[in-house]
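So the protein sequences, as listed, match chains C and V. Just so you know, numbering that gives the first Met the number 0 puts 165 at position 166 of the first sequence, and the rest follows in order with no gaps. Just so you know, numbering that gives the first Met the number 0 puts 118 at position 119 of the second sequence, and the rest follows in order with no gaps.
Derived from the structure by calculation, the hints contain no laboratory data. Misleading hints may appear alongside valid ones.
Claimed, not checked - Listed next, the stretches of chain C that the computed footprint assigns to chain V, with coverage defined by at least 3 CB atoms under 8 Å from CB atoms of chain V:
hint, segment
1, 150-161
2, 166-175
3, 246-259
4, 291-303
5, 307-314
6, 379-390
Stated by the list, open to error - Just so you have them, the derived chain C footprint on chain V, three or more residues with Cβ under 8 Å:
hint, segment
7, 9-21
8, 33-42
9, 50-57
10, 92-103
11, 107-118
12, 122-134
As the list claims (entries may be wrong) - Estimated spans, in silico, between C-beta atoms of each pair:
hint, chain 1, residue 1, chain 2, residue 2, range
13, V, E63, C, G289, 43 to 53 Å
14, V, A100, C, R161, 24 to 34 Å
15, V, D69, C, A208, 39 to 49 Å
16, C, R199, V, Q150, 34 to 44 Å
Just so you know, these numbers come straight off a predicted model, no measurement behind them. Cβ coordinates follow ideal geometry from the N, Cα and C atoms, glycine included.
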Amino acid sequence: MSGPDRFEAYDDHEGEGGHEELGDHEEQDNSRKENSIRDELGEDSPGGPEHGDAQGPGHRQPPRIPMPRASVEDTGLPLPATPPPARPVLAHRVLKSLLGAWALAACSAEEATAVELHLGECGACADEALRLREAVGLLQRPESLDLDPSLRTRVLESCLERRPPRIPVPDWAAAYDAETARLDALLQDFGDAEWHAPVRLRWFRDDEATSRRTTVAGVIAHLLSVDGLVAVALGLDDPLGDVTSPHPTPAARTEAYWRASHFPPTRAVRAPWREQSHALVRTVSFTGSGVGAMPVPYGDFELPLHDAMLDRAFECWVHAEDIADAVDYPFDPPSPRHLHRMIDLAARILPTALAHRRRSGLAAPAHHRLVAAGEPGRSLRLEIEGSGGGEWLIPLDSPRPRAPPSTRWPTSPWTASSSAAWQQATYPRRRLRRARWETRRRSGTSCAPPLH
Amino acid sequence: MTKRDVPPRWDRKMQQRLARGEAAALGELYDRFASLVHGLAHRVLGDERAADGITREVFTHVWEHPDSYDPKQGPLRTWVATLTHRLAVQRLRDTETAALARDGSGTAEELEHRVRRASVAARADYIVQSMPVPLRSALERAYFQRRDYRQTAADLGITEDEARRRLRLGLQLLSTAHDSGAPDAPPGHGGAV
Numbered sequence: 000m001s002g003p004d005r006f007e008a009y010d011d012h013e014g015e016g017g018h019e020e021l022g023d024h025e026e027q028d029n030s031r032k033e034n035s036i037r038d039e040l041g042e043d044s045p046g047g048p049e050h051g052d053a054q055g056p057g058h059r060q061p062p063r064i065p066m067p068r069a070s071v072e073d074t075g076l077p078l079p080a081t082p083p084p085a086r087p088v089l090a091h092r093v094l095k096s097l098l099g100a101w102a103l104a105a106c107s108a109e110e111a112t113a114v115e116l117h118l119g120e121c122g123a124c125a126d127e128a129l130r131l132r133e134a135v136g137l138l139q140r141p142e143s144l145d146l147d148p149s150l151r152t153r154v155l156e157s158c159l160e161r162r163p164p165r166i167p168v169p170d171w172a173a174a175y176d177a178e179t180a181r182l183d184a185l186l187q188d189f190g191d192a193e194w195h196a197p198v199r200l201r202w203f204r205d206d207e208a209t210s211r212r213t214t215v216a217g218v219i220a221h222l223l224s225v226d227g228l229v230a231v232a233l234g235l236d237d238p239l240g241d242v243t244s245p246h247p248t249p250a251a252r253t254e255a256y257w258r259a260s261h262f263p264p265t266r267a268v269r270a271p272w273r274e275q276s277h278a279l280v281r282t283v284s285f286t287g288s289g290v291g292a293m294p295v296p297y298g299d300f301e302l303p304l305h306d307a308m309l310d311r312a313f314e315c316w317v318h319a320e321d322i323a324d325a326v327d328y329p330f331d332p333p334s335p336r337h338l339h340r341m342i343d344l345a346a347r348i349l350p351t352a353l354a355h356r357r358r359s360g361l362a363a364p365a366h367h368r369l370v371a372a373g374e375p376g377r378s379l380r381l382e383i384e385g386s387g388g389g390e391w392l393i394p395l396d397s398p399r400p401r402a403p404p405s406t407r408w409p410t411s412p413w414t415a416s417s418s419a420a421w422q423q424a425t426y427p428r429r430r431l432r433r434a435r436w437e438t439r440r441r442s443g444t445s446c447a448p449p450l451h
Numbered sequence: 000m001t002k003r004d005v006p007p008r009w010d011r012k013m014q015q016r017l018a019r020g021e022a023a024a025l026g027e028l029y030d031r032f033a034s035l036v037h038g039l040a041h042r043v044l045g046d047e048r049a050a051d052g053i054t055r056e057v058f059t060h061v062w063e064h065p066d067s068y069d070p071k072q073g074p075l076r077t078w079v080a081t082l083t084h085r086l087a088v089q090r091l092r093d094t095e096t097a098a099l100a101r102d103g104s105g106t107a108e109e110l111e112h113r114v115r116r117a118s119v120a121a122r123a124d125y126i127v128q129s130m131p132v133p134l135r136s137a138l139e140r141a142y143f144q145r146r147d148y149r150q151t152a153a154d155l156g157i158t159e160d161e162a163r164r165r166l167r168l169g170l171q172l173l174s175t176a177h178d179s180g181a182p183d184a185p186p187g188h189g190g191a192v
């Protein structure tokens, strides 16, 4: 197949399948057209000699060379000595092949005139021309394929209410499931220009803002590499395959993946990323909630699986925003329920990050001395407004994070996608984003991976 | 080409997973077909909320009755599209009939005409989405980008003969949207509901 065929979406095979059923319509149609479609579909090189079938017995076109008619002699006009020169032998075949372009007004004026003259004398072509013209009227610009992301949650919830699942997705994996689905939907209609759009990833290293240039495809490769940490912990295949990373950290894995490929990542990275995210959700569903505490090594530190999945959801959203910014496309924040869990993760990580910075001499020591876990000590009250927000008490003098205190939940978890709800949801997002950078900054180089 | 072998296997596995009650499979099903379902429903009903409702009905039906899909009968995608088409047309007819009874504007004939037109439009959408990519990209260039067939050929790196062939074949496929016995006959095989 020629060049453009390579532009197929990764799941384009559906399209091929969908084609099969067209046969059902054809059965109701007249056999002439059906044969013609089948003929066309079976051909690799149109215009070859086999195309002479236009004159085959199954077709009702008039012969190319008109037979002399008796009435002509009666008129006394001179008989044509040769077939009319204006009708070359291939004329009918060419005219017929032009019908589609003609119906779409996509041929030259001369060709259009020739076709129209021909339609006056060829019933079969006239029938087809009419049919194709009508078909043009059915072409409509595809409507926006962007679905309200909250529709997914509503539809799935409604399904699961009607028939409770035997194998549910654990609550702590729901945010990852939703965020990867949203990012995948964003990627759906990307062309090459979008896949190669430059993206600047920003983070903090040693208290300094730093950044790294990559592309949209590079960002997906990054997500694939780091999600791979969770995949490996669950016993799934490592997306890095034979590529060895000097350190099992998110940043090192990403750099190794990027380096190992001779060419910059392309749209081809979407399918393995999506397959892996499906496999992760599926695997944690089967292993059940009991596995949530299993540690997932991130190189310099580890997170329990349920937090690792939240962390990956968080990263997926943040990078989806990077991508959306890069291609100048709107992208909503996560649903409040998921946002809330992500904020909660960031809040819970703060004490650990703080402790790490103290050990490294990067932060002021605790007030007098560290107090035992659960003992009274200073704490910081973090309040995030808007849906998805809440209140958290961050212990400052205790080496260990406390269980988050009672948090304020939105009264109804994301039931409307009105602009008011969006603004509400955007507000904590901005704050959260700042909080997140703060988390990283405080954590220095080793606690929060710079690139994950 | 192994690619052609993929869909039936994916379809079969998906059905087994749904039957097993795997919520993760339902999410994957939604991600693959939601825009198709919503788009078709919206083309028939012309209303966002109504299309949302049909989307919910379709996925609920598949989730509650995964066994009503028979992989031997064809691709899951076709079956889902058929189901969507049927439910959406049914909804349109119900709504229009109720409106007709309420304010008596229009005639039953006009109602049937509208239903029929919406149904054909949705079927046409589905055909365009499902046709082989080479045909679709030729049609897109010629129609939406107003390229003539010579420019289309140059854009796609194909011969002019091939460009003409793709345009004609694409329209031939599209024209089958008009072919159906009853106005609400779904595309493809029936038996979805």
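Taking the hints in turn, this is what the structure says about them:
1. 150-161: holds (count 9)
2. 166-175: holds (count 3)
3. 246-259: With 0 residues close enough to chain V, the hint is violated.
4. 291-303: violated (count 0)
5. 307-314: Violated - the segment 307-314 of chain C has 0 residues with a Cβ nearer than 8 Å to chain V, which falls short of three.
6. 379-390: violated (count 0)
7. 9-21: holds (count 3)
8. 33-42: Contact hint for the segment 33-42 of chain V vs chain C: holds, 6 residues under 8 Å.
9. 50-57: holds (count 3)
10. 92-103: violated (count 0)
11. 107-118: violated (count 0)
12. 122-134: Our answer is that it holds, as 11 residues pass the Cβ test (under 8 Å) against chain C, meeting three.
13. V/E63 to C/G289: 43 to 53 Å: 28 Å, violated
14. V/A100 to C/R161: 24 to 34 Å: This hint holds: roughly 30 Å between Cβ atoms.
15. V/D69 to C/A208: 39 to 49 Å: 58 Å, violated
16. C/R199 to V/Q150: 34 to 44 Å: Because 37 Å falls inside the window, the suggested range holds.
Checked against the numbered hints given earlier, the structure breaks hints 3, 4, 5, 6, 10, 11, 13 and 15 and satisfies all the rest.
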